[in-house]
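One letter stands for each residue in the lines below.
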Amino acid sequence: MNAVADIAGIVLGGLAAGTVLFIVSVGLSVTMGLMGFVNLAHGAFAMFGGYIIILAMNRAQYSFPVALVMGFFGTAALSVALERLLYRRLYRAGELDQVLFTIGLIFIFIAAITIVIGSETQNLQLPPYLGGQLNLGIVQYRTYSIFLIVVGLLIALGIWFAFERTRIGGQIRATVDNRRMAESLGIDVDRLFTITFAFGSGMAGIGGGLGAEFLGLDPQYPLKYLVYFLIAVSVGGLGSVIGVYYASLILGVLDFVLTLYLPKGGTIFIYALTILILLARPQGLLGRKGL
Amino acid sequence: MSKRTIAAFAAAMATVIAAAGAASQAQAQDVKIGLILPYTGPGGALSPEMDKAIDLYQKLNAAQIKPYKFTITKRDSKLPNGAAAKIDAQELLTQEKVDVLTGWIYSPDAIASAPVVTAGKRLAVIMNAGTSFITNLSPYFVRTSFTLWQSSYVMGDQAAKYMHAKTAVVAYTDYPPGKDALAGFKTAFEKAGGKVIDAIPAGGPEATPDFTPFFQRAKDEHPDVLFVFVPAGDQATAVVKTYNALGMKAAGTKLIGTGDIVPDELLQGMGDAAVGLITVHHYNADLDNPQNKAFVAAWKKAYGPDSTPNFTSVGAYDGMAAINHAVHATKGKIDDGAAAVKSLEGWTFASPQGPIMIDPQTRDIVMNEYLDEVVKGSDGKLHEKVLVTVHDVKDQCKMLAIGPCAPKK
Amino acid sequence: MSVAVSPPGEASPAAAGRNPAAQILIRRHRVRWWEPLPWIVGIAFYFAAPDYLGFGCDLLVTILFALSLDLALGYAGIITLGHGAFFGVGAYAVGMLATYNIWTEPITSLFIAAAVAGAIGFLSGLVLLRTTGLTLLMLTLCTMTLLYEAANMAAAYTGGFDGLLSLPIGPVFGVFEFNPLYANTQYLFALGVLFVCFLLVRMLVYSPFGQSLIGIRENILRMHAIGSPVRRRLIVCYTISAALAGVAGALSAQTTAFVNLAALGLDRSATVFIVLILGGYGRLYGAFIGAIVYLALEHFLAQVYPTAWQLGLGLLLVLISLFARNGILGLGDTLWQRFGPRRAAP
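Residue numbers (our numbering), protein chains in the order written: chain D, 1 to 291; chain W, 1 to 409; chain U, 1 to 346.
One or more hints might be untrue.
As the list claims (entries may be wrong) - Calculated pairs, DSSO-like style, for lysine-lysine (alpha carbon to alpha carbon, straight line, at most 30 Å): (1) W:K166 <-> W:K32; (2) W:K254 <-> W:K381; (3) W:K32 <-> W:K3; (4) W:K331 <-> W:K301; (5) W:K254 <-> W:K52; (6) W:K241 <-> W:K376; (7) D:K264 <-> W:K241; (8) W:K121 <-> W:K394; (9) W:K249 <-> W:K385; (10) W:K32 <-> W:K331; (11) W:K52 <-> W:K385; (12) W:K333 <-> W:K69; (13) W:K69 <-> D:K264; (14) D:K264 <-> W:K293; (15) W:K342 <-> W:K331; (16) W:K293 <-> W:K66; (17) W:K195 <-> D:K264; (18) W:K241 <-> W:K59; (19) W:K74 <-> D:K224; (20) D:K224 <-> W:K195; (21) W:K331 <-> D:K264; (22) W:K254 <-> W:K241; (23) D:K264 <-> W:K342; (24) W:K249 <-> D:K264; (25) W:K52 <-> W:K249; (26) W:K300 <-> W:K74; (27) W:K69 <-> W:K52.
FYI, nobody ran anything at the bench for these hints, they're computed from the structure.
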């Protein structure tokens with residue numbers, strides 16, 4: 001075996017982890033950029049979607065694609081309900097109350113899942129066409145990881161395209177830039193919030209399911225990876241899809257490499273890097289200033 | 001006084017004396033046991049296995065327990081960092097005034113409880129925690145479970161001799177049992193002519209990490225075997241999964257470990273990915289001895305045909321047997337900790353895992369270790385096949401007096 | 001409103017008596033009749049519940065930690081989920097000094113812990129307090145996780161995940177030993193330390209410095225406009241808060257004779273945050289009420305129904321964020337205003 005294959009293995013492993021991070025966090029970036037709401041409970045939606053997907057496949061024998069769709073819409077529906085009933089009341093509130101509220105939500109989710117399903121880790125049974133290894137010429141690597149990287153890229157391009165080229169994307173960008181102006185132009189900001197929140201949470205749900213292979217899926221999920229989601233979003237820049245894509249991939253590769261070479265505490269460099277970046281550019285790499 | 005009054009008075013006195021006699025009789029027969037297990041947190045899936053074993057012991061051995069009665073008070077030790085376990089030990093001793101302490105799945109919990117146990121002067125039977133030096137921390141500790149040195153030392157020895165492996169990489173969870181597993185394996189493997197080319201700390205016991213980077217590193221080093229220790233439970237499933245997902249078998253590296261990576265209750269769920277895995281452990285549910293056959297049959301009858309005991313169940317079962325022996329040997333005065341400990345020194349028992357003994361010098365368990373391979377049986381289910389039996393294995397760390405295993409002066 | 005300002009140089013109490021602002025401050029400093037009550041209860045607890053002193057120690061440490069967070073969050077408005085950084089630093093300072101037998105005297109160890117934690121607080125405050133909002137939240141969080149990983153990396157010294165066990169803590173005043181089974185000496189020691197720290201915080205909060213902090217929290221632009229040295233005040237406040245959190249951590253290590261990575265974990269930080277909001281932030285006694293209610297509920301409910309406890313806590317937090325933003329004390333205030341005796345405006 002050669003060094004190229006080893007390096008390729010490391011890069012692919014890191015990109016796969018980063019892609020999972022992106023799929024889960026992209027929703028958070030958009031909703032935080034759009035609504036200015038500190039939603040720490042985003043990971044809880046990812047967990048919820050993940051459970052729908054895995055249980056649909058394991059217990060109800062649905063196929064992988066169908067389960068993903070169920071995960072998306074199930075999580076989106078739940079988020080719409082929560083947004084209408086609860087989140088809405090705290091849009092004008094301070095950070096403190098938003099943080100408190102979302103921490104409370106996290107606990108409710110964790111407890112509910114533990115009571116209804118149990119505390120053991122759920123295992124994703126991949127369909128056979130996604131298992132095993134894929135021969136890429138220079139290296140043979142885990143098929144599922146390659147699948148994820150490709151899917152992540154497509155999602156990133158898709159969302160970016162939606163933002164740049166569609167009407168609703170334009171409306172969202174306008175509202176992120178200047179909410180008052182957008183409102184006075186007749187854009188229904190409330191409806192926009194709900195739609196964006198639903199979409200973001202749905203994406204998170206899919207991310208939770210797809211990532212279960214690496215990140216595992218158990219009731220502690222929202223707390224385990226909270227800091228990573230927040231780093232991806234704040235370093236990438238609130239409201240910037242490409243920003244969170246780059247940040248997630250960099251974070252994924254860095255984490256993989258550091259854990260590989262410095263298994264004990266190597267991730268310290270990620271936190272140091274985050275602090276440096278945020279001090280130099282508080283709005284994130286590709287975020288808009290003044291957000 | 002009239003005759004009637006005297007008679008009534010006598011009857012009353014008789015009743016009072018009889019009642020007092022019965023009360024003191026009941027008191028002498030009641031043994032309070034304090035049980036410390038992680039009912040919440042990562043250990044939450046393991047504790048029910050031990051609870052079931054404890055209940056099963058009392059059911060199957062009701063005749064042997066008489067005339068005493070066990071009252072068990074449970075406490076949650078939560079996360080495997082020892083903080084809650086220490087408070088639990090304190091509360092059980094001071095508030096509940098228990099006669100015996102037992103339980104402890106995670107080593108950090110037992111380690112943190114040691115000073116409290118010594119101050120409390122009561123027998124403390126360790127039902128699981130496997131770090132070697134724990135029994136040195138308090139003269140009241142008696143262990144009926146296992147040590148990581150016992151399984152990893154034998155694995156290291158057999159990896160070189162039976163499997164003819166020359167190079168090994170060790171991946172272990174970074175806490176005392178993991179370090180013990182590394183040390184035990186390395187000592188034996190290198191003594192038998194092998195070489196450990198890398199030791200990778202793979203996260204902590206509190207959460208299952210993504211094993212991909214750790215195993216990728218191991219894969220890139222191309223060892224003959226990858227020896228893994230993780231706490232039994234979710235981490236074990238993730239280990240087997242990642243090993244297969246990275247195609248390490250095809251790359252020529254065999255996965256071996258202590259029995260913690262193939263716990264009996266999770267074995268069936270691992271599917272074909274687990275076939276061929278070689279491990280060393282003191283117990284698996286397929287062991288072919290009369291005690292185990294009866295034990296497993298009783299278990300399935302009580303808890304369902306698909307359920308199975310695992311090594312933590314056996315540790316708990318043997319622990320209860322030890323407590324029962326101590327109670328009878330001290331004639332109910334088990335709250336005399338020193339006497340209770342003394343009664344267990346040299347104690348032997350025919351356990352479902354095979355014959356066990358408590359070493360009088362170290363108060364630790366001596367038992368058989370089995371080299372197992374996972375095979376698919378004719379019933380389509382996965383079973384453990386015993387390849388080699390090593391008898392009466394003592395804890396090598398204490399035998400060789402390495403580091404903290406050396407007896408305290 | 002005309003303010004009688006005394007000429008500079010004339011700082012006599014008589015002159016201060018004429019100044020309305022000073023009058024208000026002096027009135028606040030006066031000890032109200034109910035203020036000794038918590039301490040009387042604390043001492044009574046020692047005699048009434050000798051088997052629960054371990055729990056009592058945990059309670060006192062949490063109150064002190066919450067009090068330190070109150071300074072930063074409640075009075076200066078610095079929203080941080082990473083205060084555990086200073087708690088952990090203090091705990092490890094004591095832990096390492098004791099384990100390597102460098103220094104085991106408990107009272108001076110507390111000062112050392114305060115100094116180390118305060119130094120880290122000062123440095124991080126200097127760098128981080130330029131930012132606000134989400135960025136500040138992230139930065140404080142990252143600082144804490146960075147220290148966590150550093151402690152993990154230096155596992156040879158810090159004990160890693162297992163931590164440092166059976167810390168040899170010297171006897172208080174050379175005489176009173178810490179008992180591993182019955183936490184009586186530890187409890188009284190913790191009570192004493194809490195009392196001293198509380199006096200310090202109380203003095204600080206009712207001083208002009210404390211008032212300026214409230215001003216910064218309420219309207220930072222105005223404070224800048226009137227020329228108040230905002231950044232300096234914030235850094236001083238953050239440093240003191242960090243030092244106190246360090247004392248809380250050190251106390252925790254001393255009373256449990258144990259320190260591990262959990263001291264630097266998100267779990268502990270988030271819990272103290274919840275405790276403070278529950279009791280009511282920006283008020284002296286919020287930390288007390290919040291800690292007592294939270295820990296008592298957790299101790300008794302979590303033992304019986306651990307998952308139901310988490311569910312209940314989550315619901316409580318959601319309800320508080322929606323309806324009772326000022327915590328229990330805030331609720332108490334509202335009820336008092338509605339149903340209490342009518343008073344003349346001060």
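Going through the hints against the structure:
1. W:K166 <-> W:K32: violated (52 Å)
2. W:K254 <-> W:K381: Status holds; Cα separation ~22 Å.
3. W:K32 <-> W:K3: With Cα atoms ~46 Å apart, W:K32 and W:K3 exceed 30 Å; violated.
4. W:K331 <-> W:K301: violated (33 Å)
5. W:K254 <-> W:K52: violated (34 Å)
6. W:K241 <-> W:K376: holds (18 Å)
7. D:K264 <-> W:K241: holds (22 Å)
8. W:K121 <-> W:K394: holds (26 Å)
9. W:K249 <-> W:K385: holds (20 Å)
10. W:K32 <-> W:K331: Given that 30 Å is the threshold and the Cα spacing comes to 15 Å, the pair holds.
11. W:K52 <-> W:K385: Answer holds: W:K52 to W:K385 is near 25 Å, not above 30 Å.
12. W:K333 <-> W:K69: holds (13 Å)
13. W:K69 <-> D:K264: violated (48 Å)
14. D:K264 <-> W:K293: This hinted pair is violated, its Cα atoms lying about 44 Å apart.
15. W:K342 <-> W:K331: Holds, because 13 Å separates the two Cα atoms, which is no more than 30 Å.
16. W:K293 <-> W:K66: holds (25 Å)
17. W:K195 <-> D:K264: This hinted pair holds, its Cα atoms lying about 22 Å apart.
18. W:K241 <-> W:K59: Not OK: W:K241 and W:K59 at ~38 Å, beyond 30 Å, violated.
19. W:K74 <-> D:K224: holds (28 Å)
20. D:K224 <-> W:K195: violated (36 Å)
21. W:K331 <-> D:K264: Violated. W:K331 to D:K264 sits at ~51 Å, over the 30 Å cutoff.
22. W:K254 <-> W:K241: holds (14 Å)
23. D:K264 <-> W:K342: violated (42 Å)
24. W:K249 <-> D:K264: Roughly 26 Å separates the two Cα atoms, so the pair holds.
25. W:K52 <-> W:K249: violated (37 Å)
26. W:K300 <-> W:K74: holds (24 Å)
27. W:K69 <-> W:K52: Roughly 18 Å separates the two Cα atoms, so the pair holds.
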